[in-house]
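Here's the letter readout for the chains.
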Amino acid sequence: MEGASGCRRLVGAAAALAVATATVARLHAQEMVGVQVTPVLTRADPVPGGSTRTELRLNAPLLFGSLRLAGGRLVLHAMLNGEGWTMPHGQLATGNFGEGWEDRRHPHTWAHELIAAATDLVALPGGVHWSLTAGKGFAPYGTDDPMNRPALIFPVDHHWSQILERAILILGVRRGALLVEGGIFNGDEPERFSQWPNWQRFGDSWSARAHLLPTRGVELQASYAHVKSPENRPGAGLWHQKVSVSARLERAAGAGHLYGLAEWAFNSEADGFFKYYAGLAEAQWSHGADRVYARLERSDRPEEERVFGDPFRSNRPHLENSNLGITRWTIATAGYGRRLTPAHLPLRMEAIGEAACARARALTGLFDVASYFGRNDLWQFSVALRIGAGTSPHRMGRYGVAAGMAPTMARAHAMD
Amino acid sequence: MRWTDPAAVTSACLLSATLAACGGGGHAATGPDTTGTGVRLVASVEVPANYGQHDQFLRAGLAFLCSWNTGLQIYDVGDGRAGGSPQHPVFISRIVTAGGEVHNAWWYWAPDGQKRYVFVGQEGPGAIGSSSSGDIHVVDISDLSAPVDVASYHLAGAGSHNFWVDEANQVLYAAYYNGGVVALDVSGTLSGDLAGREIARIQPGGPGNTYVWGVMLVDGSLYATDMLSGLWQLAPASGSLQVRGGGNNVPDRYGSDLWVANGYAYSGTWGSRAGVLGDAVKIWKLGPTGAPSLQDSIVTPGFTTVSDVTASSDGRMLVFSAEFGPKAGLYFYSLATDPGHPAFIAYYPVIGNSQNGIHTATIADFGGRRYVFAAQDPPSPAMLILDVTAISP
Numbered sequence: 028m029e030g031a032s033g034c035r036r037l038v039g040a041a042a043a044l045a046v047a048t049a050t051v052a053r054l055h056a057q058e059m060v061g062v063q064v065t066p067v068l069t070r071a072d073p074v075p076g077g078s079t080r081t082e083l084r085l086n087a088p089l090l091f092g093s094l095r096l097a098g099g100r101l102v103l104h105a106m107l108n109g110e111g112w113t114m115p116h117g118q119l120a121t122g123n124f125g126e127g128w129e130d131r132r133h134p135h136t137w138a139h140e141l142i143a144a145a146t147d148l149v150a151l152p153g154g155v156h157w158s159l160t161a162g163k164g165f166a167p168y169g170t171d172d173p174m175n176r177p178a179l180i181f182p183v184d185h186h187w188s189q190i191l192e193r194a195i196l197i198l199g200v201r202r203g204a205l206l207v208e209g210g211i212f213n214g215d216e217p218e219r220f221s222q223w224p225n226w227q228r229f230g231d232s233w234s235a236r237a238h239l240l241p242t243r244g245v246e247l248q249a250s251y252a253h254v255k256s257p258e259n260r261p262g263a264g265l266w267h268q269k270v271s272v273s274a275r276l277e278r279a280a281g282a283g284h285l286y287g288l289a290e291w292a293f294n295s296e297a298d299g300f301f302k303y304y305a306g307l308a309e310a311q312w313s314h315g316a317d318r319v320y321a322r323l324e325r326s327d328r329p330e331e332e333r334v335f336g337d338p339f340r341s342n343r344p345h346l347e348n349s350n351l352g353i354t355r356w357t358i359a360t361a362g363y364g365r366r367l368t369p370a371h372l373p374l375r376m377e378a379i380g381e382a383a384c385a386r387a388r389a390l391t392g393l394f395d396v397a398s399y400f401g402r403n404d405l406w407q408f409s410v411a412l413r414i415g416a417g418t419s420p421h422r423m424g425r426y427g428v429a430a431g432m433a434p435t436m437a438r439a440h441a442m443d
Numbered sequence: 005m006r007w008t009d010p011a012a013v014t015s016a017c018l019l020s021a022t023l024a025a026c027g028g029g030g031h032a033a034t035g036p037d038t039t040g041t042g043v044r045l046v047a048s049v050e051v052p053a054n055y056g057q058h059d060q061f062l063r064a065g066l067a068f069l070c071s072w073n074t075g076l077q078i079y080d081v082g083d084g085r086a087g088g089s090p091q092h093p094v095f096i097s098r099i100v101t102a103g104g105e106v107h108n109a110w111w112y113w114a115p116d117g118q119k120r121y122v123f124v125g126q127e128g129p130g131a132i133g134s135s136s137s138g139d140i141h142v143v144d145i146s147d148l149s150a151p152v153d154v155a156s157y158h159l160a161g162a163g164s165h166n167f168w169v170d171e172a173n174q175v176l177y178a179a180y181y182n183g184g185v186v187a188l189d190v191s192g193t194l195s196g197d198l199a200g201r202e203i204a205r206i207q208p209g210g211p212g213n214t215y216v217w218g219v220m221l222v223d224g225s226l227y228a229t230d231m232l233s234g235l236w237q238l239a240p241a242s243g244s245l246q247v248r249g250g251g252n253n254v255p256d257r258y259g260s261d262l263w264v265a266n267g268y269a270y271s272g273t274w275g276s277r278a279g280v281l282g283d284a285v286k287i288w289k290l291g292p293t294g295a296p297s298l299q300d301s302i303v304t305p306g307f308t309t310v311s312d313v314t315a316s317s318d319g320r321m322l323v324f325s326a327e328f329g330p331k332a333g334l335y336f337y338s339l340a341t342d343p344g345h346p347a348f349i350a351y352y353p354v355i356g357n358s359q360n361g362i363h364t365a366t367i368a369d370f371g372g373r374r375y376v377f378a379a380q381d382p383p384s385p386a387m388l389i390l391d392v393t394a395i396s397p
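Respectively, the protein sequence lines represent chains A and B. Heads up: the first sequence begins at 28 in my numbering, then just goes up one per residue. Heads up: the second sequence begins at 5 in my numbering, then just goes up one per residue.
Worth flagging that the hints you see were computed from the coordinates, not collected in a lab. No incorrect hints appear here.
A short, non-exhaustive set of chain B residues, derived as facing chain A with CB atoms under 10 Å:
1) HIS58
2) SER134
3) ASP381
We put the CB at the ideal spot given by N, CA and C, even for glycine.
Taking the hints into account, I'd like the entire structure generated from these sequences.
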């Protein structure tokens with residue numbers, strides 16, 4: 028934990044978790060509310076500067092729920108995230124970047140999702156369904172939030188493959204196996220966990236996404252986004268043009284359950300002056316109480332000047348439009364999880380172990396990975412205990428007609 | 005090498021009553037010197053956070069504010085035509101040159117007396133050390149209330165940075181990062197594409213070892229600071245910018261800005277090079293041929309970058325700006341006694357309210373008083389106007 032204040036947060040979080048669990052257990056019968064938290068002990072070797080660091084974090088303390096009204100035509104989603112409380116200094120995650128964090132995953136904002144989605148308020152003919160979604164959440168772009176996926180540590184491509192924590196307005200239309208969404212939102216990403224979207228910038232950015240389900244358990248996705256100045260909140264930064272394509276598989280495999288995802292993303296800034304590519308494949312096989320998973324990723328990231336005295340932070344907002352170069356990260360991750368509690372209990376626990384090895388090389392600029400980290404084989408080990416109660420998180424970023432179409436990964440973080 | 009410890013000054017500032025007096029405000033504020041430094045904030049011109057204030061060019065009572073996407077802003081700070089003064093700057097006009105990203109400017113006074121053009125540098129995106137972008141724009145201010153963007157120069161694969169203009173010979177020298185140094189003929193009427201005006205170009209460190217920050221012409225030599233390869237002495241455009249001396253002489257840090265005065269060059273440093281921060285000002289003795297040799301360094305732990313270096317027109321005061329760190333702000337040194345070994349005068353901190361410091365500083369003398377115009381970084385971007393008469397050597 029992060030010193031004495033971190034210990035106090037741990038005790039506080041445990042107490043809050045106990046209260047929330049008791050409450051959730053009562054509501055569980057209605058499948059409305061869930062709570063989850065994951066203490067994670069992570070060792071990164073090396074971190075920037077060349078030393079080794081081990082940290083305990085209360086990762087993703089979540090209180091979430093969905094409320095279905097008007098016969099399910101109106102659905103409210105809420106997910107509160109307490110990472111600003113339990114890990115305000117982020118989580119060790121070598122290679123991660125975004126929102127002013129480097130080699131750490133940023134804490135999410137307090138309100139990760141606050142969504143209202145109305146579906147088929149007016150019935151359309153021809154088997155066409157539609158929905159209108161508004162609130163704070165994910166723009167219709169890219170793949171699932173890593174919190175919904177197998178691994179503990181986020182991938183490098185998080186900010187290339189998802190657009191999160193924005194004020195959004197989404198129109199979704201679905202007919203049979205085809206789903207198309209279009210949305211507008213604010214381009215600015217949060218600079219800190221207490222920050223709300225810059226409402227004055229609502230509508231300055233847009234995205235569109237299409238899903239196709241050619242057969243049961245298979246989902247093909249393609250999306251495009253035009254995002255104004257995500258890294259300069261007042262709006263003076265560069266435009267990002269983003270492309271994401273993916274194939275997702277989830278189905279029974281023998282006595283177990285198989286999940287797989289392959290995604291590719293491209294991010295262009297300043298009309299192609301900066302180009303970032305990302306490719307990722309991950310899979311998980313689960314059986315009974317056990318699951319094994321693996322992820323292979325090769326993703327580019329911008330290198331930015333770090334804040335004085337803190338090698339894990341970079342300046343926000345950006346001042347000029349330059350960076351220290353682009354590095355390409357190749358990371359292999361593998362992990363194993365075992366559910367410790369019987370499936371029928373309202374309180375669920377899962378033990379998880381994960382290891383990752385990364386290598387990085389400079390593509391442009393003057394950033395030298397080996398001199399910055401001391402070497403170029405970068406290891407990271409994590410052990411965790413995921414604790415949850417109540418319902419599982421919904422598939423974040425899938426609202427309205429998209430929520431009804433997309434399957435939920437059955438054996439990821441939700442531990443169902 | 006000498007080390008500056010401005011800790012005592014900083015403490016005095018932090019205990020002072022007004023944050024604005026410590027340079028941490030960003031709102032119009034005037035008042036006495038409460039920092040104990042002898043530096044008095046007389047005005048603060050707020051600039052929209054778009055991204056903010058980057059640089060300023062002062063001449064004959066006009067201030068040309070380079071305010072990034074807000075454009076080039078012209079203020080009367082003592083010219084008299086609009087009743088402005090350093091204490092009460094008066095806005096005259098503004099122009100956003102093509103692409104915005106207004107980085108630096110130079111109001112050009114031609115030998116024939118014309119004062120028609122302002123050269124504006126656009127700093128586009130770049131990967132520091134390897135690539136850059138951005139053009140030179142020419143703004144016609146014949147009508148000061150309605151400036152017009154009339155010409156531009158584009159160098160494929162590189163972007164402009166700081167300028168120096170040899171007004172007598174009508175040559176604009178532009179640092180061009182990975183493009184090196186470019187010399188343009190700026191005589192006569194300027195319009196359209198200035199590609200045909202290019203006189204000479206050089207990458208002093210060669211491909212892969214060139215990223216030029218700034219240039220300055222003194223006594224027939226053009227001095228260029230390169231972030232990668234140090235301080236160079238070049239021939240002027242009439243000599244095709246050929247290398248005369250220096251180069252590959254700052255291996256410990258990345259280079260930044262420079263100024264030349266009194267037979268010495270003063271060059272800043274930038275960022276972090278293998279963990280060594282840009283907290284140094286290098287002092288170079290210029291030999292009989294003008295070739296630089298390292299004489300001394302001023303190292304001031306507590307910030308990351310010396311972002312601007314400038315000296316007063318009488319050569320008696322050296323000022324440098326510092327960014328990113330607990331000791332960011334402005335540093336004042338005396339060159340009066342020994343310009344090869346500047347003597348510390350004062351530190352003006354700009355660290356309150358999460359300020360990142362000062363990006364550029366310009367010295368200007370009005371009415372018998374000396375002022376420093378300073379570009380305060382976001383999150384509260386502004387041009388600060390400081391009366392430094394009391395500490396001028």
